[in-house]
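Protein chains in written order, with our numbering: chain F, 36 to 425; chain C, 280 to 324; chain S, 318 to 857; chain L, 23 to 371.
Hints listed in this document are in silico derivations from the structure and should not be mistaken for laboratory results.
Some hints here could point you the wrong way.
[Unchecked claim] Within a straight-line C-alpha distance of at most 25 Å, the following computed PhoX-like cross-link-like pairs (lysine-lysine) qualify:
no., chain 1, residue 1, chain 2, residue 2
1, L, K356, L, K344
2, S, K582, S, K508
3, S, K843, S, K832
4, L, K309, C, K314
5, F, K117, L, K349
6, L, K100, S, K668
7, L, K90, L, K100
8, S, K761, S, K843
9, L, K235, S, K827
10, L, K309, F, K117
This structure is a prediction, so every number in the text was calculated from the model and none was measured.
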Amino acid sequence: MSEPANPVERPIFCPFNIIAGIIILVGLGITYLRFTGGLGAVTNLDDNNAWGFWIGFDLLCGVALAAGGYTTAAAVEVFGMKKFHAALRPALLTGFLGYSMVVIALLYDVGRPWRLPYPFVWSPGPTSVLFEVGACVMLYLMVLFLEFSPMALEWLGERKLRRVLVRLTLLLTIFGITLSTMHQSSLGALFLIVPSKLHPLWYSSYLPVFFFVSSVAAGLSMVIFESTLAHRAFSDKMDEEHKRAADAVVLGFGKAAAFVLAVYFAIKTFGVALDDNWGLLATNYGLWFLLEMIGFVLLPCFLFVVGVRDLNPTVIRWAAFLTVLGIVLNRLNICLIAFNWQLSPADRYFPHWMEIGLSVFVVTLGVTAYRFIVTRMPVFYEHPDFSEGH
Amino acid sequence: MSEGFHSLQEFMTHTKGILYLLSLGYLVAFVLFWKYLHDRENDDD
Amino acid sequence: MKKAEARSEVEFGQRMSIAVLGMLLLCSLSSSGCSSDAVADQTTPRADLVDIGERLGFEELERSTVLFPHDLHTEVMLERKEDCTLCHPVRPDGYLSAHFQQLEEIGDEELIDLYHDECIGCHEETMSAGKAAGPVACGECHRRQPVYVSSSQPFGFDKSLHYRHVKAADQKCEPCHHEYDEETERLVYIKGKESSCRDCHREETEENRSAFKLAAHEACIGCHREPPPEIIVEKNTAGPQLCVGCHDLQHQLAIEQIQNPPRLKRGQEDFVLVSASEADLASTKLRTVPFSHIDHEEAADTCRVCHHDTLDPCTKCHTLEGTDAGGWVTLDQAMHDKLANESCVGCHDAKKSTLACAGCHDQMEQGRLPEQDCDICHAGPLPDMLASERSRYRSIDDFRPSPADIALTFSVDEIPEKVEIGVLSHEYEPAVMPHRKIVDQLMKQIGENGLATYFHGSEDVVCQGCHHQSPIGEKPPLCENCHRPDSTGLELIETGLQGAYHRQCLGCHKSMEIKEPSDCTGCHKKRPGMVAAVASGVAR
Amino acid sequence: MSISRRRFLKSLTAAGVAMAAPRPAGAHGEFAGHPESYGVLQDITLCIGCRLCEKACNQVNHLPAPEKPFDDLSVLEKHRRTDAKTYTVVNRYDIPSYHRSPVFNKFQCNHCQEPACLSSCFVAAYTKTPEGAVVYDASVCVGCRYCLVACPFGVPTYEYREPLEPTVRKCTMCYPRLLEGELPGCVEACPQQTMLFGKREDLIAVARERIRKHPSRYVDHIYGEHEMGGTSWLYISGVPFEELGFRTDLGTTPAPKLTSGALAAVPIIIGVWPALLGGIYVMTRTKEKAAVRDKDSAVRRAIEETQAAADQARKQAAEKAKVEREKAVELAVKKALEKAAKESAEEGS
């Protein structure tokens, strides 16, 4: 239970730092261009395609992949599966950093970022789905911060404040899950208003439910995926109990993910049936839709099932990675590829390299912060003088 | 509440606005009600 | 652990194979979907295509229909010095049967075998003889992506062509017109009963009356091929025998048109007082309508324009209450339906869209029947006086207003030579309109048109083209009296002054397809340095 | 912290009274829009493509000068759309089958009765004015561009090149001019007066009358009467609308209704989720406690049993030992007696 014996001293100029440094420099350059030349200087956005890669990837995919926070918290705190307790803190950390990355990316995409609080303080537009998404993301960011702060306080040794926050965890978890359900589903509801621009195979009145169920699958897979990377990179930071629990977490979450993916595939089929889009499956977009559904929903579900039945964590880890890719593909499909499908190819949108560059910059910021926190704060191990359990 | 609404937009702005306020109030009330129910239970929380 | 691991390996292998198979099946399924998108679209237009599937009247076809290029085969046949009888057997009455290798109707099965044996057989023969031949594989005839597209145009037998045939047949009608004699079950010719082919030969073959399509081809091509003795034909200028001869657009335009061919005498009167049928006459109150049959024959292309079903008088089918034979269309509907080409009002209304008339009439309400105009048509004697007064009227001229009454009330020089429209000029110089030239042009065109002179009543009506609300014969008011410069319409009047000027002038030019002027400076020159009227700023 | 029962009941009654207030008119039925709202009827058959409307719009709104002058009609060769510097454009459509081709059509904001831009804006930067114009307020706009996404006609445009103060730009039906009783710039400038400005009901009546008067000139459909819940800018045309770049597949459902279902679910989730999760938590906790208690009791019982078994074993052992001792004593006594008897017999003999 104690701190690991000898934390490996990390040299400053190890390859990770160098690459991260370059990306951050490029990112800062893009930031300068963004706030001097306006959105047009840095993106391929135009009046036909108002939302591009930043909304499609950083926001939609970022929020979906940061769902690990509420899914793990639900499993451990509310459903009482204490055996996954080891995965709770890393998941909460990933969630918190994920949402911070989302908000940072939002600051770049929105025309006047300093006006972001306007809808809640100045002139609310309650009929807008974005109002609901904005409110929930802001509140959930606070909840995640409060759930993350015990780790920081343990590192800082603030005993009294930590005890108050620990007593609040249950309340925060329940409030967090409620908020997550709302904004994960509302991100899908954003596209309900444009049946004329989103391809009928992807547009459905079930969109909010699709987004929520797929976010649960994303959360579970992200926890598995993130634990794989963490064990490879920071195993020296992990105590014995955490390592031992890793496989249990992977199997448990793998089973849950298999179940959720199967449910997701079923309700997507209901979605196709609801609007009788069977004929569209024979078109080119239909082929792309089938690729997404079979290749990135059924296949990972199948791999999860195989991994769970054979107690083989590596298959589950690969399935989780495939599911994460599937979620990214689904979100990009809805926001970029199947959106404005009725326009001529000349008017269609393709991300500018600086858009992708900036997204990589934001992700690198997140990873660096993750590395900074994980190597200092008691994320993978229990702090010796706070080990009286949560 | 008395004046008529000329468009669905006005009607929804009105109703959704009240709904948000009500749900905010509900959340606070829920926590208080939870405590009100559980403060007499003897075993340690 | 060894055995368990081995088992899981096997199980894992099985599962993976199922997954891969599933993916392959999926790809093949969707790829078939893809190939259907690629369309070979170099289809060559042909006027001689016979759609065999439709021609044989099969309800639904197992494979796509065959488009048979008829002229292609006729040319090949001519090269080989063969004769049409190779495919079309001769009927007892000497005509070539329009059917293929059969004299009377045979069952569907036999038909299919007949076509397959004959066509494929002939193609194989020519192929074995080393010459180029048609397709033998199923897919090459029953094509999903047709190689040919039909550019066949319907062919109409108008007055000019009819007259050429009458001249060729030396004023005799026997060669084409016939009646079916029930007793002798033979075709006989009855003088004075000639009528349009379509009056008897309908869309579908009835018991002793072949469909119009078959009858027309058999009669026309049969005659063009071997003209009967009584037809004098110089150096075989008989009509075309190939499909393209009649059904190709270029060929149709190349047919020699005879201007106003002499009248076709079939015992029709020159002038009629149109009224309800004898039975209904007593119960009608409105005046009868003087109708110049002779003028209408000149104006109409064929008799079928009005006699769209039979050459009998309209009142036979269109009675006051309507009859089943008349499709329950009552007499007044038949005469006044403004959207039907057969009705008087409808046909007159359609004439208003010809270039000469469209200038004014396009602006006006379509098919409007102002109450006070009824007496223009209903000018004949009252129904109860009809019997006695019928003999008094010989022709339409008895009702046509004398040139004096309809003469222009203004003297020509009273009509302004030029009109300068400058009341709105701001960015542009005033526009100068060649008023007299326009009026003269319009009056010339109206004068040449019998319909126009009759219905316009007086020549003053020409002013109504632009001065459309001023009383006829009075000095027309200025446009801005009604169309106010600052209004954009919606009050009583549909548009303000600027709109009125532009709509009227540009509208008329466009309707009469007068190309110039092509831009604003064509009518009024631009005033240098002027900013558009709409200059007042709007807060950003 | 206990809320006295009386105060709790009092607050309930107060809430009840508020709910019973009279229901607003047209609460759930169709909405007829502002009675006096204006609109424009655009007669596409009259437009001659002279672009004077674009020129007027540019001047009236003080928009920057375009690259090509307004009387240069070569721009009509390519299909154009509005952008941040142009609120309206005229496009040419060559339709061979139509005898009066080419046809010109002017595109600008349609000022919907139920605007998608207003419904989607989370700072309510748009207002559907009683006069009918849909106007935009840059002072609250955050620049999220959801209105550009939501508008089915693709009307709002954005100043992508403006780094710090980007605003959305679109036709405002010349709202400031309307307030001064003037006509929109394009309506006033059009030589053909193709566009009729007036109350929306009157425009619909005029449009129907025109179609009735000239059945062969117009397609019998007023575009904008019902599309997306109805627009204030109405069109009548001589050519089917889809050939002029209009979208005829938009349906008649107004934009706010599309998202109202999803938004309605939000309060339900807020209402149900905490209770549900709280319940599950309590269930798992009590199960845990019960499990713990069962474990403890099971442990306790196990201990007692073992003790009982041990006591019993000890008791039995003790009895057995006693019995053996008694037997041994008897044996000893018996032996002693025999010995004594033997001795007495020896003495006796």
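message = Which constraints among the numbered hints does this structure fail? Numbers only, ascending.
response = 5, 6 and 8
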